[in-house]
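A.B. asks: Chain A is fixed; fit chain B onto it per the hints.
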Amino acid sequence: DTEVTQTPKHLVMGMTNKKSLKCEQHMGHRAMYWYKQKAKKPPELMFVYSYEKLSINESVPSRFSPECPNSSLLNLHLHALQPEDSALYLCASSQDRGSHYQPQHFGDGTRLSIL
Amino acid sequence: GENVEQHPSTLSVQEGDSAVIKCTYSDSASNYFPWYKQELGKGPQLIIDIRSNVGEKKDQRIAVTLNKTAKHFSLHITETQPEDSAVYFCAASSNDYKLSFGAGTTVTVRA
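Just so you know, the protein sequences line up as chains A and B, in that order. Start counting the first sequence at 73; every next residue gets the next number (the working numbering). Start counting the second sequence at 3; every next residue gets the next number (the working numbering).
Isolated chain A, as found in the complex (with noise of 0.2 Å):
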C-alpha cells in the first residue's frame, strides 16, 4: 500500500462545480506535488510545494487551485474544469534537502471525468 493517500479515488463533476481533491502523507516529507496524467502517457507537472510555500507553478490554468494547509496535506481545488481535465490526478512526496535530490513517492490518485 502507498504511504500517499489521495481521496477520493474517482470523482464525476460538471463544467460549473467546484470540488477539491485531498493529499495526505505522514512520512515527514516537506516537499508535495501535483500530477497530471493522462492515459497512457507518463505523469506531467502540475505544482510543486516546499515547506508548505508553492515554489514551482508549471503555468497551469487558474482553474486549478493548489494549496498545502500544513505539512503533511496538499488539496487541489478545481472549479470551471473543461472536459480535456479528465485524467488521473496524482500527489506524490519526498524529502527536502536541498540541492540533493530525493526520491518521489507516489499516491494512487485521483481519477477526474468531467461531464
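Mixed in with the good hints there might be a few duds.
[As the list claims (entries may be wrong)] Straight-line C-alpha distance at most 35 Å; calculated DSBU-like pairs for lysine-lysine:
| # | chain 1 | residue 1 | chain 2 | residue 2 |
| --- | --- | --- | --- | --- |
| 1 | A | Lys81 | B | Lys70 |
| 2 | A | Lys113 | B | Lys70 |
| 3 | B | Lys100 | A | Lys90 |
| 4 | A | Lys94 | B | Lys70 |
Since the hints were made in silico from the structure, they are not lab data.
C.D. replies: Structure of chain B alone, referenced to chain A:
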C-alpha cells in the same frame, strides 16, 4: 530542457526470460535516474533509482545501469514473473524537484 527517450514502447516476454528497457537523455547535467512501475489503477511506484556517481545498482531481480558518457541508462528485469506486467517509466532529473519522464514501456509477461 531535458528530453528523455524510452524504448521499446511495448515489450512481451515469456515468463522466466529477461526484460530490458532503455532510455537516453539529453541534459548532461542530469544526475538522478529513477525507474517507476505503474500497475493498472495504481500510481507510479519507485522500483529502483541510480545517481550519476554510480554505474550499476541491483535489487534482487532488478538492476539499472548508467552510462553517463553515452547519456543512456537501462532497466534489467531477470526471471520475469506475471506480476512484473505493468507500464514502466524511466526519468531523469538535474534539479531538486523536476522529473523528466520517458514515454513509458508496457511490459507483458506471458505465462
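A.B. asks: For each hint, tell me whether it holds in the structure or not.
C.D. replies: Here is what the structure says about each hint:
no. : hint                : verdict
1   : A/Lys81 to B/Lys70  : 40 Å, violated
2   : A/Lys113 to B/Lys70 : 26 Å, holds
3   : B/Lys100 to A/Lys90 : 29 Å, holds
4   : A/Lys94 to B/Lys70  : 39 Å, violated
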